[in-house]
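Just so you know, the sequences run in chain order E and C.
So the first sequence is numbered by numbering that gives the first Met the number 0: it starts at 0 and just counts up by one.
So the second sequence is numbered by numbering that gives the first Met the number 0: it starts at 0 and just counts up by one.
It should be emphasised that the hints constitute simulated quantities derived from the structure, not laboratory data.
All clues stand as given, with none of them false.
27 Å max Cα-Cα, derived DSS-like pairs, lysine-lysine: (1) 34(E) with 48(E); (2) 172(C) with 172(E); (3) 208(C) with 172(C); (4) 208(E) with 172(E); (5) 208(C) with 172(E); (6) 172(C) with 208(E); (7) 208(E) with 208(C); (8) 34(C) with 48(C).
This one's a predicted model, so the numbers in the text were calculated from it and none came from an experiment.
2 protein chains.
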Amino acid sequence: MRIAVLGTGEVGRMLAGRFSETGHEVVIGTRDVEKTLLREPGLQGRDLKPLPEAAAFGEVVVNAYGGTGTLEALREAGAANLDGKVLVDVSNPLDHSQGFPPTLFVKDTDSLAEQIQREFPAARVVKTLNTVNNTLMAYPRQLADGDHTVFVCGDDDVAKSVVSGLLLGFGWKDIFDLGPLANARGLEMMLPLWVRLYGAFGHPNFTFKLVR
Amino acid sequence: MRIAVLGTGEVGRMLAGRFSETGHEVVIGTRDVEKTLLREPGLQGRDLKPLPEAAAFGEVVVNAYGGTGTLEALREAGAANLDGKVLVDVSNPLDHSQGFPPTLFVKDTDSLAEQIQREFPAARVVKTLNTVNNTLMAYPRQLADGDHTVFVCGDDDVAKSVVSGLLLGFGWKDIFDLGPLANARGLEMMLPLWVRLYGAFGHPNFTFKLVR
Numbered sequence: 000m001r002i003a004v005l006g007t008g009e010v011g012r013m014l015a016g017r018f019s020e021t022g023h024e025v026v027i028g029t030r031d032v033e034k035t036l037l038r039e040p041g042l043q044g045r046d047l048k049p050l051p052e053a054a055a056f057g058e059v060v061v062n063a064y065g066g067t068g069t070l071e072a073l074r075e076a077g078a079a080n081l082d083g084k085v086l087v088d089v090s091n092p093l094d095h096s097q098g099f100p101p102t103l104f105v106k107d108t109d110s111l112a113e114q115i116q117r118e119f120p121a122a123r124v125v126k127t128l129n130t131v132n133n134t135l136m137a138y139p140r141q142l143a144d145g146d147h148t149v150f151v152c153g154d155d156d157v158a159k160s161v162v163s164g165l166l167l168g169f170g171w172k173d174i175f176d177l178g179p180l181a182n183a184r185g186l187e188m189m190l191p192l193w194v195r196l197y198g199a200f201g202h203p204n205f206t207f208k209l210v211r
Numbered sequence: 000m001r002i003a004v005l006g007t008g009e010v011g012r013m014l015a016g017r018f019s020e021t022g023h024e025v026v027i028g029t030r031d032v033e034k035t036l037l038r039e040p041g042l043q044g045r046d047l048k049p050l051p052e053a054a055a056f057g058e059v060v061v062n063a064y065g066g067t068g069t070l071e072a073l074r075e076a077g078a079a080n081l082d083g084k085v086l087v088d089v090s091n092p093l094d095h096s097q098g099f100p101p102t103l104f105v106k107d108t109d110s111l112a113e114q115i116q117r118e119f120p121a122a123r124v125v126k127t128l129n130t131v132n133n134t135l136m137a138y139p140r141q142l143a144d145g146d147h148t149v150f151v152c153g154d155d156d157v158a159k160s161v162v163s164g165l166l167l168g169f170g171w172k173d174i175f176d177l178g179p180l181a182n183a184r185g186l187e188m189m190l191p192l193w194v195r196l197y198g199a200f201g202h203p204n205f206t207f208k209l210v211r
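Hey, can you work out the whole structure from these sequences and the hints?
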């Protein structure tokens, strides 16, 4: 598929690489191509484009911006370039302004995923992968041979199927459909435990298995 | 050990029964013994006492009240009867007033466990078991032969050891020490996902394994 990964941080670089590796055509979107290449020379030779062009290219658009930058980046990508697209949101509404552990700037009665969906009503938002570190997102089998769970939620079943297919391509074995996008509240609210476990372990190579 | 279980709802009855079964002396605390027996005739013959007497009896006191009733019940039990005691908090700050799924009445920058600790500073509060249904609390091996995780957190290491011992007695295999009591924020914030999974499954016989 044609996949646009928006964001050139660790998550975006990891996902873009893995999508390429699993056979997709990938464009990486960033605000300023030249500045990004100065900051991340490893992206030389990759198909790096301004956000609107990248989003326009993608059949699937992945938001790999951090939570605080997400809505602004998607606005810059442009609603017209997101309409009808599967918009995969892997971000978390983490507020790092008070140090570690971060808190959540939206929670409980709303979620960042829903904020995105409200602002881009014609996009087909699917929340997923936000409960794992970027390496596990892309290479789930490197921990316990993939015997753990990734969640998807969203209001568009076809979009969830597309995303589940991409996750299978990454090697995910246990993909759990949590239902409508409002249930992203539950997924984003796992982060306060996640960040504390990260603090306890000193590394992010852990996750959860839904035992049932 | 001498264990006081405060609360006669499903959680309290389940835990009291399991503590008895695993060899402890158990007293169940309730506001009004007579009314409780009318409501729960199954408690006939059990050692049911008013909250202050029950708490006074226990070396370990378990708060099995629902989140909204917790602080009031502990006040009625009396600070003097909780001082120095291991106070096990299994409750969740669920606000059911707006229907299903419930929201949390404290979260992110505070937790119910911390509220308890602040109000009863001489109690040795340990948060645990709040992420599983009452049957799994007491009989963890009935799901996946117990191959899943229970968390403990608290500011008193000896109290956490006591609680871990009690959990081993219930059959828990994987007891994870999450550190100080402030990390109860992470445990309580798992509930928004838990309640949605409960909605999806239609039963509470599921839980999480921390894969690492």
